[in-house]
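Visitor: Chains A and B are the protein sequences, given in the same order.
For the first sequence, position 598 matches number 598 in my numbering, and the numbering has no gaps at all.
To convert, count from 1 in the second sequence and add 1000; that's my numbering.
Careful, some of the hints might be misleading.
What the hints assert, rightly or not - Pairs of lysine-lysine, DSS-like flavour, derived with a Cα cap of 30 angstroms: (1) A:K56 <-> B:K1128; (2) B:K1080 <-> A:K19; (3) B:K1105 <-> A:K632; (4) A:K76 <-> B:K1162; (5) B:K1128 <-> B:K1186; (6) A:K65 <-> B:K1080.
Stated by the list, open to error - Some residues of chain B that are not near chain A, with every Cβ distance over 12 angstroms (derived): (7) K1024; (8) E1053; (9) P1059; (10) R1141.
Treat the hints as calculated values from the structure; they're not laboratory data.
Ideal placement from N, C-alpha and C gives every residue a C-beta, glycine not left out.
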Amino acid sequence: KKLIATLRNKPWRMKRRLKLLKECQAFVEKFEGALGKGKGRKLYAYKVIMAKKMIKFNRDFDNFKTACIPWERKIKEVESHFGSSVASYFIFLRWMYGLNLVLFGLMFGLVVLPEVMMGLPYGSIPRKTVPRAQQAKAMDYSVLLDFGGYCKYSVLFYGYYNDERTIGLLQFRLPLSYLLVGVGIFGYSLMVVIRTMARNSDEGGDGGDDGQFTFTFKMFTSWDYLIGNPETADNKYASITTSFKESIVDEQENQKDENIHLRRFLRVLANLFILCSLGGSGFLIYFVVKRSQDFAKLDQNTLSWYEKNEVEVVMSLLGLVCPPLFETIAELEEYHPRIALKWQLGRIFALFLGNLYTFLFALFDDVNEKLEQEKYIKNATIWGLKEYYANYSTFHNTTDIPPPEIPPADVIRGPCWETDVGIEFVKLTVSDIQVTYLTILIGDFVRAVIVRFLNYCWCWDLEAGFPSYGEFDISGNVLGLIFNQGMIWMGAFYAPGLVGLNVLRLLSSMYYQCWAVMSCNVPHERVFKASKSNNFYMGLLLLVLFLSLLPVVYTIMTLPPSSDCGPFSGRAQMYDVVMETIEKDLPAFIGNIFTYATNPGLIIPAVLLMVLAIYYLNATSKNYQNANLELKRKMQMARDEEKNRRNNKESTNQVMHDLVGLLPNRSLIPPPAEEAPPPGHEKGSKFPKVAKRPGAADNVKGVNLQKDVSLAAPNSRAAVTRPPGPRVPPGNARGPPPGPGRGRGRGAPPPKC
Amino acid sequence: MGTTASQLRKDLLSEYQELTFLTKREIILAHKRFSELLSKEDRNVPTPRVPMEKVLSLPELKSNPFRKRISHVFSTSDMKDGSLTFEDFLDLLSAFSDSATLEIKSHYAFRIFDFDDDGTLDGGDLEKLVNCLTGETDDTRLTTEEMRQLISNILEESDIDKDGTVNLSEFQHVISRSPDFVSSFKIVL
Chain A
1 KKLIATLRNK PWRMKRRLKL LKECQAFVEK FEGALGKGKG RKLYAYKVIM AKKMIKFNRD
61 FDNFKTACIP WERKIKEVES HFGSSVASYF IFLRWMYGLN LVLFGLMFGL VVLPEVMMGL
121 PYGSIPRKTV PRAQQAKAMD YSVLLDFGGY CKYSVLFYGY YNDERTIGLL QFRLPLSYLL
181 VGVGIFGYSL MVVIRTMARN SDEGGDGGDD GQFTFTFKMF TSWDYLIGNP ETADNKYASI
241 TTSFKESIVD EQENQKDENI HLRRFLRVLA NLFILCSLGG SGFLIYFVVK RSQDFAKLDQ
301 NTLSWYEKNE VEVVMSLLGL VCPPLFETIA ELEEYHPRIA LKWQLGRIFA LFLGNLYTFL
361 FALFDDVNEK LEQEKYIKNA TIWGLKEYYA NYSTFHNTTD IPPPEIPPAD VIRGPCWETD
421 VGIEFVKLTV SDIQVTYLTI LIGDFVRAVI VRFLNYCWCW DLEAGFPSYG EFDISGNVLG
481 LIFNQGMIWM GAFYAPGLVG LNVLRLLSSM YYQCWAVMSC NVPHERVFKA SKSNNFYMGL
541 LLLVLFLSLL PVVYTIMTLP PSSDCGPFSG RAQMYDVVME TIEKDLPAFI GNIFTYATNP
601 GLIIPAVLLM VLAIYYLNAT SKNYQNANLE LKRKMQMARD EEKNRRNNKE STNQVMHDLV
661 GLLPNRSLIP PPAEEAPPPG HEKGSKFPKV AKRPGAADNV KGVNLQKDVS LAAPNSRAAV
721 TRPPGPRVPP GNARGPPPGP GRGRGRGAPP PKC
Chain B
1001 MGTTASQLRK DLLSEYQELT FLTKREIILA HKRFSELLSK EDRNVPTPRV PMEKVLSLPE
1061 LKSNPFRKRI SHVFSTSDMK DGSLTFEDFL DLLSAFSDSA TLEIKSHYAF RIFDFDDDGT
1121 LDGGDLEKLV NCLTGETDDT RLTTEEMRQL ISNILEESDI DKDGTVNLSE FQHVISRSPD
1181 FVSSFKIVL
């Protein structure tokens, strides 16, 4: 039965496999029937049937799963036209879409839906109603676009949610659920990203020995078998040729060592420029955000559209303008293209990060201001209430005073900083989406249209010369996607609707970009691989995840929630919800356990233990790597030794050599040398190779002998051992060469089984 | 499933699923495409064979520089004319599928690259390989000097026992360290 399972791994012909399969199946049937006799026969037969059904079910389920993957056809089309690197962007996009869909499901199902179905409706309490002053314009299109008015007081934002401990029939604890979902989003994303990274690094080998096999890899692995389009194929040919020539020249040029001081100076200069521009962009954003806060204090009617959206416009423009600027400055540095690409990506990353964080810091200043304001309003409200009670009691002369009946729209309420932060993030995301789509439209589509139609009446050849058709910028797009996701992660806690918005965006982006790529772009001139970079982008995503986790956790832990809106209003800190739940809902001893567990005396040793474990694992992995190198070296040495030995023998006596070839001992000489490497192979899947090695050694010697020694029957026998060698199970490979009865001539091609 | 093409028997289908890396859908699609390649009179032959020219006209193989070698390697015909039966075709797709193991792929890759079918990749094989990869036209070919340099570099990198040829185990050793191989050695219908 094991044989059946491994049949597909053997590189045999189908006919042979089918025959073997039938034999095995007959065998299994016969013996399973025999084994079923006696006690427990029925149970055994039942088990067998269940196992068969299970296998069939698994297979069907696998088939179903592959049928369910969306957009497979589209991506395959892109792949055949543009190669696997462009397609890898779309695969990444699809993966992101899946991730966002799950996050949306979590957020929607556990937070939005309960509030909508079981919470209080719109207009019933102050936090859910548009204030009277703004009601006149709450439905205006421009206000809605700014996410003010009715949008602001809806489920999309944090401020709408009520802080009752439990709501509805099912006693659903909304504040607790809100907090847990907010944190759970990060937890789930972290898990998924790390799992994907682990899977990628497993498939791709270690990827560590970068420079070791450059030529061989180029030779054997550079052709992308998925290319089905002749134009792409031509491009691929050209790029392979160029890359061959380049590597050859590279090898020769490695000796050359130009003016190193000049180059170093230029590089330092370039880095200085780039640091300046990064600093400049950070300062610009800070300045603009501060200005927008001043604008917000003025009357909204007097502001132009630009002044209202200045922050987003500036950030998007910076994102557009700086990368090409970095590229031109990088010309000074004269790095190898691959290294230059890495530097470029790193700089763009720093740019985006810097922008995002300056934006956040500016926002936090704003938050602190709002908190001050809130205190002021709270004092005013309490004073007003006291006044009302005093008047009421003097007027009606009772001490039992009903609370004032003010319609919710008129109640004075404090500013809701979380909702404002949420609105800022949503506006940023929306403007980012708009800028991306516009760039694609203008940068690719309009350019293609112009080049195609103006070409007839223009002086120089537009298609080959200056504008020409655009190429698909993979790294730029992937980085944009990663940062968009970072913004979503940051903003999801303050604006639950943001995740839904992102799902829509990814969906439309998929179709839009697929269309744009197929109709406006041409395949790259230098078609390069997607693979190794895959983990690089995942690593970036992980970093962005951590960095977007920090602000949210900081606010949960330190900033007090607004007292007039949101699910945590009225509490001192947001995480007090968890404490409350533990006290009130869970049995007493769990509370005790938590108190013990959060004791610093317990946590610090735990952290120490984890650090030591990491150190230990690191040390072990280094040791394994060293062991690998040692074994490789040993293998090399063994081969060299053998070659020398052979050479020595050859130079002495050819006839003696023939006789030696006849001896059965001959095949025993390689195994001692072979035994050392196979156990040391780092990947367990190489076991079949153990069988092949003795055969291979035979093969090598056989071929060499063929070259040096003119025909003698024993040699042809030696040559003949090779073909069956790799195919026969391990035990036989060490046996003596088969007798002369084979009747095959020299240089027989491998048998087709 | 095509209405004019002959249907695939259910038991054969499940056996093929056991023995190859393809899913049921892929096998059925492969059967359809294969039947389209057959000429009218061949359809009724028990084990039809598609001649090499027709195989090479498949869009997935048309632009591939190694298409002729692929046909030869997977063909079981006695006349060595590169024609494929349906089972050969399935073998081909299975080896090039996404879920095939590294060993299968590297084994077949070795056989495809071995132009003279002698079981090793010697200088002549490598030269033909490079010429295939650099295209047909004269201005994309490498000069003799460049070719010589390239081949010596390759042998230096991958020939462990220094016998001047790359045999199957050396090839598999090199390929196992390549991160790109599995993802580029793929053909999907």
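Visitor: State for each hint whether it applies.
Guide: Verification of the hints:
{"no.": "1", "hint": "A:K56 <-> B:K1128", "in the structure": "violated (46 angstroms)"}
{"no.": "2", "hint": "B:K1080 <-> A:K19", "in the structure": "holds (23 angstroms)"}
{"no.": "3", "hint": "B:K1105 <-> A:K632", "in the structure": "holds (24 angstroms)"}
{"no.": "4", "hint": "A:K76 <-> B:K1162", "in the structure": "violated (41 angstroms)"}
{"no.": "5", "hint": "B:K1128 <-> B:K1186", "in the structure": "holds (22 angstroms)"}
{"no.": "6", "hint": "A:K65 <-> B:K1080", "in the structure": "violated (40 angstroms)"}
{"no.": "7", "hint": "K1024", "in the structure": "violated (5 angstroms)"}
{"no.": "8", "hint": "E1053", "in the structure": "holds (17 angstroms)"}
{"no.": "9", "hint": "P1059", "in the structure": "violated (5 angstroms)"}
{"no.": "10", "hint": "R1141", "in the structure": "violated (8 angstroms)"}
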